[in-house]
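Chain order of the listed sequences is Y and H. Sequential numbering of the first sequence, starting at 1, is according to our numbering. Sequential numbering of the second sequence, starting at 1, is according to our numbering.
Honestly, the hints are just simulated from the structure, not real lab data. Any given hint could turn out to be false.
[As the list claims (entries may be wrong)] Within a straight-line C-alpha distance of at most 30 Å, the following computed DSS-like cross-link-like pairs (lysine-lysine) qualify: (1) H/Lys99 - Y/Lys323; (2) Y/Lys200 - Y/Lys189; (3) H/Lys323 - Y/Lys132; (4) Y/Lys323 - H/Lys132; (5) Y/Lys34 - Y/Lys189; (6) H/Lys34 - H/Lys189; (7) Y/Lys189 - Y/Lys208; (8) Y/Lys208 - Y/Lys132; (9) H/Lys189 - H/Lys200; (10) Y/Lys132 - Y/Lys99; (11) Y/Lys99 - H/Lys323; (12) H/Lys132 - H/Lys99.
[To be verified] Beyond 10 Å from chain H on every Cβ pair, some chain Y residues (computed): (13) Val9; (14) Leu38; (15) Val63; (16) Gly66; (17) Val68; (18) Val160; (19) Arg165; (20) His166; (21) His209; (22) Arg212; (23) Glu260; (24) Gly300; (25) Glu354.
Beta carbons: idealized from backbone N, C-alpha and C, even for Gly.
2 protein chains.
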Amino acid sequence: MTQPVPAAVGDSLADVATPALIVELDALERNIAKMATLTGGTGVRLRPHAKSHKCVEIARRQVAAGAVGVCCQKVSEAAAFVEGGIADVFVSNEVVGRKKQEQLAALADRAHLSVCVDDADNVRALDAFGRKIDVLVEVDVGTPRCGVPPGEPTLALARVVANSRHLRFAGLHGYHGMAQHLRTVAERKAAITGATEQLKQTRALLEKHDLRCEILTGAGTGTFPFELGGGLYNEIQPGSYIFMDADYNRNAWDDQPRFEQSLYVLATVMSAAQPGRVIVDAGLKASAVDSGPPIAVGDGLQYVHASDEHGLVLVLQESARPKLGDQMRLIPGHCDPTVNLYDWLVAVRGDRVEALWRVDARGALA
Amino acid sequence: MTQPVPAAVGDSLADVATPALIVELDALERNIAKMATLTGGTGVRLRPHAKSHKCVEIARRQVAAGAVGVCCQKVSEAAAFVEGGIADVFVSNEVVGRKKQEQLAALADRAHLSVCVDDADNVRALDAFGRKIDVLVEVDVGTPRCGVPPGEPTLALARVVANSRHLRFAGLHGYHGMAQHLRTVAERKAAITGATEQLKQTRALLEKHDLRCEILTGAGTGTFPFELGGGLYNEIQPGSYIFMDADYNRNAWDDQPRFEQSLYVLATVMSAAQPGRVIVDAGLKASAVDSGPPIAVGDGLQYVHASDEHGLVLVLQESARPKLGDQMRLIPGHCDPTVNLYDWLVAVRGDRVEALWRVDARGALA
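Given the sequences, and given the hints that come with them, work out the whole structure.
Next comes the structure, spelled out in C-alpha cells:
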C-alpha cells in the first residue's frame, strides 16, 4: 500500500505529482548546521526527535552533524531507525504491554536503547525480559500527560528501576510539551525555568539517596535555548527545527535562535471556476489541521478551509490569482502529523528534485 | 513502508496492537443492508463514496448489496479500486494535469470510468487522450468548492463536453458538502431543496438545448434522504454511513434514517500515574481531529486533547478509572481522514478478530 514515488530525481518541481511533501534542501541543511553550532561545545548532547521527520536519511544527517542519536515515540518507530542503522535510540515515552516490551527488548540487542517509565509494575514487566536497557523516569513538569510528579514519587520509581535485576536507572526525562507553543519568549522561559527548578530539586533528592541522574533530558524547538542554558539538562530533544511549521512560525522569537521553513505541501490548483477563490488538491488528508489550516505561500492568497481532498483558497487580490493547473506551496499548520500522511519526502534544491526520501516510519503507530 | 498487521485472525481484542482501527462487522453489515433497503426499488442508484473507507473489501460488499460501483476523489484512489476489481468508478472530482489525465484514460481501458469537470480547457485536454469517458459537469450548489454556477455556465460547459471528439456528456454532479453537517434536519432539508431547485432549472435549460442529463448525482450521509426523495437525483453517493463518526453523531436525525457507529480507534492506557486523568496511546496521528477530538467510549471518561502520540482522557468518576494497559474505544471525530492514517482495518465480531482488511487506497493523494 506504499504509494508510488511522486517524482524522479532530476525532475523539475512542475513534474511532481501533487499533493506532495517537499523539503528544501538548502534550508534543511542550514537548520541542521545551525542546531549543531548552537549545541556544539556546550556539553549538552543533541538527540533530535525523529517523530517529526520519521525519515532515516534525515536522522543520518543529524547524526553526521553531531547528534548522539534520535528520540522516537513508539517502538515501531524506533524499529525503523534501528533498521536504518541509527545506533542510539531513546524511546521518550512509556512502552506498555507485553508484545511491545518484547519488541523493545529485541531492539536492545541491535542498538543502544533507552526508554521512559512512569509506573512501577511497568518497570518490573520490562525487567522480566532480561535486557540491560537504560531507563529514565518521566517527570511531570507541567504538561498534563505522562510522568510521575517531581520529588518523592520520582524517587520512589527511580528506586524501583535501580533495584531491578537488569535495567539501569539512567536519569530523568522532563519534557514540557505545552511550553513549546506559548507565544512569547517570556512565557516559554518562565515555563522552562519552573520545570528546571522542579527537576533540580528532584535530582538533589535522588542524589541524597545515592541515585545518580546521568541524563537529564527534555526540550523542544520552542524552548531548547532555556534548557540548553539552564545548567541542568545535559541532553535536548528538539524535532521540528529541521522543518518548522505555521504554528511554530506564530511564536515570537525575539533574540532567540530561529529556524527556516524548509517543509511545504506542494499543491495544484484543481478548480478556478469561480471568482474570489481557487480550489487546491490538498485538503485534510494532505496537511494536518490540528494547529489550523496550512498557509498558502503568495501574496493575496489565503487558505481558509480544508475538506477531505480540497483546500479552499481565497483570492484576495485578483492580480495574485493563480491559473488552473498552477502549483502552490502550503506551509503546514503542524509538521509532525503532516509528514505522517506521506510515504515520500521530495528533496528539492531550487527547482530541481535532488532525492526521494522514504518516510520510513510513516504510520508507525504501535 | 506498509505497517505490519496489528492482529491475526482469531485473536481476541486484547491481542490487537494499538492504536488500531477496528470495525464491528455486525454494525457494518447492518449499515450496508439498511442503505440497500432504503435505496432498493427507488429507481435511484447507490454509488457509495469510497473516500471514506479506501478499502476494496468494503467496496465489494457494497456492490454485492446492490451498489452500481463506487465514487473516488483521486485518480490514484480510483486505481486502487479498479485494481481490486470494481468495474464502475466515478471520480467525483476534477482531474487536472497531463499525467493524471493520462492515468485516468488508462484506467478507462480497464473499467467504466466517469469524471467531473468545471473547466473547458480541462475538457479539451482530457479529450486529447481519445477515450470514451463519461463526463459530468460539476455544478456549484452552495458549498464553496469546485463547480461552475448553475444555469448558463453549466450549459456552456456541457456543450464543450458534448462537442468533444471522444468524451460523452453524461449529466450533472451537484454535491452539497456543507449541508451534510448542518445540525438540524430542517436546515439540511432546506439546503438540499435549494440545490435541487437550481439543478432542476439547469437540467431544463440543458434539455431545451438538446443536452440530455442521463445522470444527476450527489448526496452524502447527512442529506441523502432528501436527494433520494426529491424526484431529481437518480444517483446518490453517501460514504460515511458504513462507519459513522462523532461529528455525524452530533447531527439531529429525528425521523431520518440513522446508521450505527461501527468504526473505532482501539487505544491502550499508557499512563495512569496521575489522579484525574489517564493517557492513551492514540493522538493526532491515530485519529483526525478536524471535527474535534475523538469520543472515549465509557461513562466518566472524556478525551479532551490529542498531541502527536498521546490522548489526554479526563477521568470524571474515579469508579470509571481504567488501569494501565486497559484498552479503550474511541469514536473518531471524522471517519474519512482517520481511516487514511491506517494500513489495516481490523474487522471484529464481538471480541474476536475475524479478518484483516487492507486500506488499499491509504495515502492515495494524487
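How the hints compare with the structure:
| no. | hint | result |
| --- | --- | --- |
| 1 | H/Lys99 - Y/Lys323 | holds, 18 Å |
| 2 | Y/Lys200 - Y/Lys189 | holds, 16 Å |
| 3 | H/Lys323 - Y/Lys132 | holds, 27 Å |
| 4 | Y/Lys323 - H/Lys132 | holds, 27 Å |
| 5 | Y/Lys34 - Y/Lys189 | holds, 21 Å |
| 6 | H/Lys34 - H/Lys189 | holds, 21 Å |
| 7 | Y/Lys189 - Y/Lys208 | holds, 28 Å |
| 8 | Y/Lys208 - Y/Lys132 | holds, 25 Å |
| 9 | H/Lys189 - H/Lys200 | holds, 16 Å |
| 10 | Y/Lys132 - Y/Lys99 | holds, 18 Å |
| 11 | Y/Lys99 - H/Lys323 | holds, 18 Å |
| 12 | H/Lys132 - H/Lys99 | holds, 18 Å |
| 13 | Val9 | holds, 17 Å |
| 14 | Leu38 | holds, 24 Å |
| 15 | Val63 | holds, 21 Å |
| 16 | Gly66 | holds, 25 Å |
| 17 | Val68 | holds, 22 Å |
| 18 | Val160 | holds, 13 Å |
| 19 | Arg165 | holds, 21 Å |
| 20 | His166 | holds, 21 Å |
| 21 | His209 | holds, 20 Å |
| 22 | Arg212 | holds, 23 Å |
| 23 | Glu260 | holds, 22 Å |
| 24 | Gly300 | holds, 18 Å |
| 25 | Glu354 | holds, 20 Å |
The structure fails none of the hints (numbered hints given earlier).
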